[in-house]
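Numbering-wise (my numbering), the sequence shown opens with residue -9 and increments by one.
Errors might be hidden in some of the hints.
Unchecked claim - Distance windows between CB atoms, simulated:
id, residue 1, residue 2, range
1, Thr52, Leu211, 39 to 45 Å
2, Pro113, Leu233, 23 to 29 Å
3, Ser171, Thr132, 37 to 43 Å
4, Asn187, Phe166, 19 to 25 Å
5, Lys47, Leu204, 38 to 44 Å
As the list claims (entries may be wrong) - Result set (SDA-like, lysine to any residue): computed pairs, CA atoms no more than 20 Å apart in a straight line:
id, residue 1, residue 2
6, Lys28, Ile182
7, Lys236, Ile290
8, Lys236, Leu162
9, Lys20, Ile182
10, Lys47, Lys236
Hints listed in this document are in silico derivations from the structure and should not be mistaken for laboratory results. Values in this document were obtained by computation on a predicted structure and should not be read as measured data. We put the CB at the ideal spot given by N, CA and C, even for glycine.
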Amino acid sequence: MSILFHITLYVILPIFALIGAGAFLHRKFKFDMHTLSKLNTYFLMPAVSFSNVYQSKIRGDTLLQILSFLVLQSLCLMVFSTGISKMAKFESSLSSTFKNSVVLVNSGNYGLPVSQVVFQQNPLGLSIQVVVMIFQNLLTYTYGLFNSVSVDKAKFQAFKAFLKNPVFYAFLFGVFLNAVSIKIPEFIWTPIENTSNAFIAIALVTLGAQSAFLKISSFSLPLVLSLIGRLIFSPCMALIIILTLKLDGITAQSLFIASSFPTSRNSSLFALEYGNHPEYAAQAVLLSTIFSMMTVTTVIFSAHLMFS
-9 MSILFHITLY VILPIFALIG AGAFLHRKFK FDMHTLSKLN TYFLMPAVSF SNVYQSKIRG
51 DTLLQILSFL VLQSLCLMVF STGISKMAKF ESSLSSTFKN SVVLVNSGNY GLPVSQVVFQ
111 QNPLGLSIQV VVMIFQNLLT YTYGLFNSVS VDKAKFQAFK AFLKNPVFYA FLFGVFLNAV
171 SIKIPEFIWT PIENTSNAFI AIALVTLGAQ SAFLKISSFS LPLVLSLIGR LIFSPCMALI
231 IILTLKLDGI TAQSLFIASS FPTSRNSSLF ALEYGNHPEY AAQAVLLSTI FSMMTVTTVI
291 FSAHLMFS
(Lines of atoms letter the chains of each structure in order from A and count residues from 1; the text may use other names and numbers.)
(Lines give C-alpha, C1' and ligand atoms only; values in the text may rest on other atoms or scores of the structure.)
Protein backbone atom coordinates (compact mmCIF):
# COMPACT_ATOMS: atom_id res chain seq x y z
CA MET A 1 0.00 0.00 0.00
CA SER A 2 2.87 2.40 0.79
CA ILE A 3 4.39 1.76 -2.66
CA LEU A 4 1.08 2.57 -4.35
CA PHE A 5 0.78 5.73 -2.25
CA HIS A 6 4.31 6.87 -3.14
CA ILE A 7 3.78 6.17 -6.85
CA THR A 8 0.49 8.07 -6.81
CA LEU A 9 1.79 11.02 -4.81
CA TYR A 10 5.28 11.46 -6.26
CA VAL A 11 4.90 10.17 -9.83
CA ILE A 12 1.31 10.14 -11.08
CA LEU A 13 0.09 13.40 -9.51
CA PRO A 14 3.05 15.54 -10.71
CA ILE A 15 2.69 14.11 -14.22
CA PHE A 16 -1.03 14.77 -14.39
CA ALA A 17 -0.65 18.23 -12.86
CA LEU A 18 1.39 19.26 -15.90
CA ILE A 19 -0.88 17.44 -18.34
CA GLY A 20 -3.88 19.15 -16.75
CA ALA A 21 -2.14 22.52 -16.96
CA GLY A 22 -1.52 21.97 -20.68
CA ALA A 23 -5.14 21.01 -21.32
CA PHE A 24 -6.45 24.03 -19.38
CA LEU A 25 -4.09 26.51 -21.06
CA HIS A 26 -4.80 25.17 -24.56
CA ARG A 27 -8.55 25.47 -24.00
CA LYS A 28 -8.08 29.04 -22.79
CA PHE A 29 -5.40 30.35 -25.17
CA LYS A 30 -5.41 27.92 -28.16
CA PHE A 31 -1.73 27.01 -28.47
CA ASP A 32 -0.04 26.65 -31.85
CA MET A 33 0.48 22.88 -31.77
CA HIS A 34 2.83 22.94 -34.75
CA THR A 35 5.18 25.31 -32.89
CA LEU A 36 5.04 23.20 -29.72
CA SER A 37 5.84 20.09 -31.74
CA LYS A 38 8.89 21.73 -33.38
CA LEU A 39 10.10 23.04 -30.01
CA ASN A 40 9.99 19.56 -28.52
CA THR A 41 11.44 17.69 -31.49
CA TYR A 42 14.22 20.02 -32.61
CA PHE A 43 15.32 21.75 -29.41
CA LEU A 44 14.32 20.00 -26.19
CA MET A 45 14.65 16.34 -27.27
CA PRO A 46 18.27 16.74 -28.50
CA ALA A 47 19.24 18.30 -25.16
CA VAL A 48 17.66 15.44 -23.20
CA SER A 49 19.27 12.79 -25.40
CA PHE A 50 22.72 14.38 -25.16
CA SER A 51 22.69 15.05 -21.41
CA ASN A 52 21.45 11.56 -20.47
CA VAL A 53 24.11 9.80 -22.54
CA TYR A 54 26.90 12.18 -21.54
CA GLN A 55 26.30 11.64 -17.79
CA SER A 56 25.95 7.84 -17.88
CA LYS A 57 28.52 5.98 -15.75
CA ILE A 58 27.51 2.28 -15.67
CA ARG A 59 30.01 -0.22 -17.10
CA GLY A 60 30.97 -3.88 -16.70
CA ASP A 61 29.24 -7.27 -16.67
CA THR A 62 26.00 -5.83 -15.32
CA LEU A 63 25.80 -3.54 -18.33
CA LEU A 64 26.16 -6.51 -20.69
CA GLN A 65 23.36 -8.37 -18.91
CA ILE A 66 21.10 -5.32 -19.03
CA LEU A 67 21.74 -4.69 -22.72
CA SER A 68 21.17 -8.35 -23.60
CA PHE A 69 17.81 -8.22 -21.87
CA LEU A 70 16.81 -4.89 -23.44
CA VAL A 71 17.70 -5.99 -26.98
CA LEU A 72 15.76 -9.26 -26.65
CA GLN A 73 12.75 -7.56 -25.09
CA SER A 74 12.65 -4.81 -27.72
CA LEU A 75 12.85 -7.35 -30.56
CA CYS A 76 9.98 -9.35 -29.03
CA LEU A 77 7.84 -6.21 -28.69
CA MET A 78 8.60 -5.17 -32.28
CA VAL A 79 7.61 -8.61 -33.60
CA PHE A 80 4.49 -8.66 -31.42
CA SER A 81 3.29 -5.16 -32.40
CA THR A 82 4.05 -5.71 -36.09
CA GLY A 83 2.18 -9.03 -36.09
CA ILE A 84 -0.84 -7.58 -34.29
CA SER A 85 -1.03 -4.56 -36.61
CA LYS A 86 -0.98 -6.87 -39.66
CA MET A 87 -3.59 -9.20 -38.19
CA ALA A 88 -5.83 -6.22 -37.34
CA LYS A 89 -5.17 -4.77 -40.83
CA PHE A 90 -4.18 -1.31 -39.56
CA GLU A 91 -3.33 1.18 -42.29
CA SER A 92 0.30 2.40 -42.34
CA SER A 93 0.01 5.57 -40.22
CA LEU A 94 -2.12 3.84 -37.58
CA SER A 95 0.25 0.87 -37.59
CA SER A 96 3.21 3.20 -37.04
CA THR A 97 1.64 4.82 -33.99
CA PHE A 98 0.43 1.48 -32.61
CA LYS A 99 3.90 -0.06 -32.84
CA ASN A 100 5.48 2.95 -31.12
CA SER A 101 2.86 2.83 -28.35
CA VAL A 102 3.87 -0.76 -27.52
CA VAL A 103 7.65 -0.60 -28.02
CA LEU A 104 8.50 2.86 -26.62
CA VAL A 105 8.43 3.16 -22.82
CA ASN A 106 8.21 6.14 -20.47
CA SER A 107 11.46 5.31 -18.69
CA GLY A 108 12.38 8.92 -17.88
CA ASN A 109 9.94 11.04 -15.94
CA TYR A 110 7.98 7.92 -14.90
CA GLY A 111 10.61 5.19 -14.66
CA LEU A 112 13.27 7.13 -12.74
CA PRO A 113 10.96 8.39 -9.94
CA VAL A 114 9.44 4.92 -9.52
CA SER A 115 12.91 3.38 -9.27
CA GLN A 116 13.96 6.03 -6.75
CA VAL A 117 11.06 5.02 -4.52
CA VAL A 118 11.45 1.25 -4.95
CA PHE A 119 15.26 1.11 -4.71
CA GLN A 120 15.94 3.92 -2.26
CA GLN A 121 18.03 1.51 -0.14
CA ASN A 122 19.92 0.07 -3.13
CA PRO A 123 21.43 2.52 -5.67
CA LEU A 124 22.10 -0.28 -8.18
CA GLY A 125 18.39 -0.44 -9.00
CA LEU A 126 18.33 3.24 -9.93
CA SER A 127 21.56 2.93 -11.92
CA ILE A 128 20.01 0.11 -13.96
CA GLN A 129 17.02 2.33 -14.70
CA VAL A 130 19.39 5.01 -16.02
CA VAL A 131 20.78 2.44 -18.49
CA VAL A 132 17.22 1.50 -19.47
CA MET A 133 16.42 5.16 -20.06
CA ILE A 134 19.49 5.65 -22.26
CA PHE A 135 18.67 2.52 -24.26
CA GLN A 136 15.11 3.80 -24.68
CA ASN A 137 16.49 7.11 -25.96
CA LEU A 138 18.44 5.23 -28.61
CA LEU A 139 15.43 3.06 -29.48
CA THR A 140 13.14 6.08 -29.59
CA TYR A 141 15.29 8.14 -31.92
CA THR A 142 16.17 5.24 -34.21
CA TYR A 143 13.31 2.72 -34.42
CA GLY A 144 10.58 5.07 -33.15
CA LEU A 145 11.59 8.03 -35.28
CA PHE A 146 12.23 6.01 -38.44
CA ASN A 147 8.94 4.18 -37.87
CA SER A 148 7.15 7.54 -37.82
CA VAL A 149 8.82 9.27 -40.76
CA SER A 150 8.61 6.23 -43.05
CA VAL A 151 4.78 6.27 -43.24
CA ASP A 152 4.43 8.77 -46.08
CA LYS A 153 7.90 8.46 -47.55
CA ALA A 154 9.84 5.88 -49.50
CA LYS A 155 12.39 4.04 -47.37
CA PHE A 156 15.31 6.05 -48.75
CA GLN A 157 13.48 9.35 -48.23
CA ALA A 158 12.53 8.27 -44.72
CA PHE A 159 16.17 7.52 -43.98
CA LYS A 160 17.17 10.97 -45.25
CA ALA A 161 14.48 12.57 -43.04
CA PHE A 162 15.77 10.55 -40.10
CA LEU A 163 19.33 11.77 -40.70
CA LYS A 164 18.09 15.37 -40.63
CA ASN A 165 16.78 15.00 -37.08
CA PRO A 166 19.24 16.60 -34.60
CA VAL A 167 18.37 14.15 -31.80
CA PHE A 168 20.34 11.36 -33.49
CA TYR A 169 23.48 13.50 -33.70
CA ALA A 170 23.04 14.77 -30.14
CA PHE A 171 22.99 11.15 -28.97
CA LEU A 172 26.12 10.20 -30.94
CA PHE A 173 27.95 13.31 -29.73
CA GLY A 174 27.04 12.47 -26.14
CA VAL A 175 28.34 8.91 -26.58
CA PHE A 176 31.62 10.23 -28.01
CA LEU A 177 32.25 12.79 -25.25
CA ASN A 178 31.39 10.20 -22.60
CA ALA A 179 33.74 7.61 -24.13
CA VAL A 180 36.73 9.97 -24.32
CA SER A 181 35.89 11.59 -20.94
CA ILE A 182 35.87 15.16 -22.22
CA LYS A 183 34.55 17.62 -19.62
CA ILE A 184 32.14 20.21 -20.96
CA PRO A 185 32.86 23.77 -19.71
CA GLU A 186 30.33 25.06 -17.19
CA PHE A 187 29.18 27.97 -19.39
CA ILE A 188 28.22 25.44 -22.12
CA TRP A 189 26.84 22.74 -19.84
CA THR A 190 24.50 25.09 -17.92
CA PRO A 191 22.25 25.97 -20.89
CA ILE A 192 22.23 22.30 -22.02
CA GLU A 193 21.19 21.18 -18.54
CA ASN A 194 18.54 23.90 -18.27
CA THR A 195 17.10 22.95 -21.65
CA SER A 196 17.08 19.26 -20.70
CA ASN A 197 15.31 20.04 -17.42
CA ALA A 198 12.65 21.98 -19.32
CA PHE A 199 11.76 19.02 -21.53
CA ILE A 200 9.56 17.15 -19.05
CA ALA A 201 7.40 20.18 -18.32
CA ILE A 202 7.02 21.29 -21.95
CA ALA A 203 6.46 17.74 -23.23
CA LEU A 204 3.73 17.04 -20.66
CA VAL A 205 2.10 20.43 -21.26
CA THR A 206 2.13 19.59 -24.98
CA LEU A 207 0.53 16.22 -24.24
CA GLY A 208 -2.09 18.00 -22.17
CA ALA A 209 -2.78 20.40 -25.03
CA GLN A 210 -3.13 17.44 -27.41
CA SER A 211 -5.58 15.92 -24.96
CA ALA A 212 -7.56 19.09 -24.24
CA PHE A 213 -10.43 18.21 -26.56
CA LEU A 214 -10.12 14.42 -26.46
CA LYS A 215 -13.33 12.49 -26.01
CA ILE A 216 -12.93 8.85 -25.03
CA SER A 217 -16.52 7.66 -25.34
CA SER A 218 -15.39 4.11 -26.03
CA PHE A 219 -12.20 2.06 -26.16
CA SER A 220 -11.25 1.50 -29.80
CA LEU A 221 -9.57 -1.73 -30.86
CA PRO A 222 -6.17 -0.07 -31.46
CA LEU A 223 -6.34 1.58 -28.04
CA VAL A 224 -7.21 -1.66 -26.24
CA LEU A 225 -4.44 -3.52 -28.08
CA SER A 226 -1.94 -0.78 -27.17
CA LEU A 227 -2.83 -1.07 -23.48
CA ILE A 228 -2.62 -4.86 -23.55
CA GLY A 229 0.70 -4.84 -25.41
CA ARG A 230 2.37 -2.21 -23.23
CA LEU A 231 1.02 -3.05 -19.76
CA ILE A 232 0.42 -6.82 -19.91
CA PHE A 233 2.37 -8.49 -22.72
CA SER A 234 5.56 -6.49 -22.10
CA PRO A 235 6.09 -7.52 -18.43
CA CYS A 236 5.05 -11.11 -19.20
CA MET A 237 7.62 -11.34 -21.98
CA ALA A 238 10.19 -9.64 -19.76
CA LEU A 239 9.71 -12.30 -17.08
CA ILE A 240 10.32 -15.08 -19.63
CA ILE A 241 13.52 -13.37 -20.83
CA ILE A 242 14.75 -12.80 -17.26
CA LEU A 243 14.26 -16.47 -16.43
CA THR A 244 15.88 -17.54 -19.71
CA LEU A 245 18.97 -15.38 -19.07
CA LYS A 246 19.00 -16.54 -15.43
CA LEU A 247 19.08 -13.00 -14.06
CA ASP A 248 18.41 -12.53 -10.38
CA GLY A 249 18.53 -10.08 -7.48
CA ILE A 250 18.32 -6.32 -8.02
CA THR A 251 19.10 -6.67 -11.74
CA ALA A 252 16.10 -8.95 -12.31
CA GLN A 253 13.84 -6.83 -10.11
CA SER A 254 14.78 -3.57 -11.80
CA LEU A 255 14.42 -4.88 -15.37
CA PHE A 256 11.10 -6.61 -14.61
CA ILE A 257 9.70 -3.41 -13.10
CA ALA A 258 11.05 -1.28 -15.98
CA SER A 259 9.21 -3.48 -18.49
CA SER A 260 5.84 -2.51 -17.01
CA PHE A 261 6.07 1.27 -17.43
CA PRO A 262 3.48 3.04 -19.62
CA THR A 263 3.77 4.29 -23.20
CA SER A 264 6.39 6.96 -23.81
CA ARG A 265 5.17 10.51 -24.35
CA ASN A 266 7.62 10.61 -27.30
CA SER A 267 5.30 8.29 -29.24
CA SER A 268 2.66 10.98 -28.91
CA LEU A 269 5.09 13.74 -29.92
CA PHE A 270 6.17 11.79 -33.01
CA ALA A 271 2.54 11.18 -33.98
CA LEU A 272 1.86 14.91 -33.65
CA GLU A 273 4.97 15.90 -35.60
CA TYR A 274 4.33 13.54 -38.53
CA GLY A 275 0.51 13.47 -38.52
CA ASN A 276 0.12 9.78 -37.60
CA HIS A 277 -3.14 9.70 -35.61
CA PRO A 278 -1.98 12.09 -32.85
CA GLU A 279 -5.30 11.89 -30.95
CA TYR A 280 -5.06 8.10 -30.65
CA ALA A 281 -1.39 8.40 -29.64
CA ALA A 282 -2.26 10.86 -26.87
CA GLN A 283 -5.03 8.55 -25.65
CA ALA A 284 -2.61 5.63 -25.49
CA VAL A 285 -0.12 7.65 -23.42
CA LEU A 286 -2.75 8.98 -21.01
CA LEU A 287 -4.65 5.74 -20.44
CA SER A 288 -1.54 3.58 -20.16
CA THR A 289 -0.26 6.00 -17.51
CA ILE A 290 -3.54 5.82 -15.60
CA PHE A 291 -3.83 2.03 -15.73
CA SER A 292 -0.14 1.61 -14.91
CA MET A 293 -0.95 2.59 -11.33
CA MET A 294 -2.39 -0.91 -10.96
CA THR A 295 -0.11 -2.90 -13.26
CA VAL A 296 3.19 -1.35 -12.08
CA THR A 297 2.27 -1.88 -8.44
CA THR A 298 1.47 -5.54 -9.19
CA VAL A 299 4.79 -6.02 -10.99
CA ILE A 300 6.73 -4.33 -8.16
CA PHE A 301 5.16 -6.70 -5.64
CA SER A 302 5.82 -9.73 -7.87
CA ALA A 303 9.45 -8.66 -8.48
CA HIS A 304 10.18 -8.48 -4.78
CA LEU A 305 8.45 -11.80 -4.21
CA MET A 306 10.32 -13.68 -6.96
CA PHE A 307 13.79 -12.12 -6.98
CA SER A 308 14.53 -11.04 -3.40
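Status of the hints after comparison with the structure:
Roughly 40 Å separates the CB atoms of Thr52 and Leu211, a value that falls within the hinted 39 to 45 Å. Checked against the hint of 23 to 29 Å, the C-beta distance between Pro113 and Leu233 comes to roughly 25 Å, which is consistent with it. In this structure, Ser171 and Thr132 break the distance hint of 37 to 43 Å, their C-beta atoms being roughly 25 Å apart. Checked against the given bound of 19 to 25 Å, the beta carbons of Asn187 and Phe166, roughly 23 Å apart, stay inside it.
Between Lys47 and Leu204 the Cβ separation comes to about 40 Å, which falls inside the hinted range of 38 to 44 Å. The hinted pair formed by Lys28 and Ile182 meets the criterion: a straight-line CA distance of about 18 Å does not exceed 20 Å. With a CA separation close to 19 Å, the supplied pair Lys236 and Ile290 stays within the 20 Å bound. For the hint linking Lys236 to Leu162, the alpha-carbon distance of about 32 Å lies beyond 20 Å, and the restraint is violated.
Between Lys20 and Ile182 the CA atoms are separated by roughly 29 Å; this puts the pair beyond 20 Å, and the hint is violated. A hinted pair counts as satisfied when its Cα atoms are at most 20 Å apart, and Lys47 with Lys236 does not qualify at roughly 24 Å.
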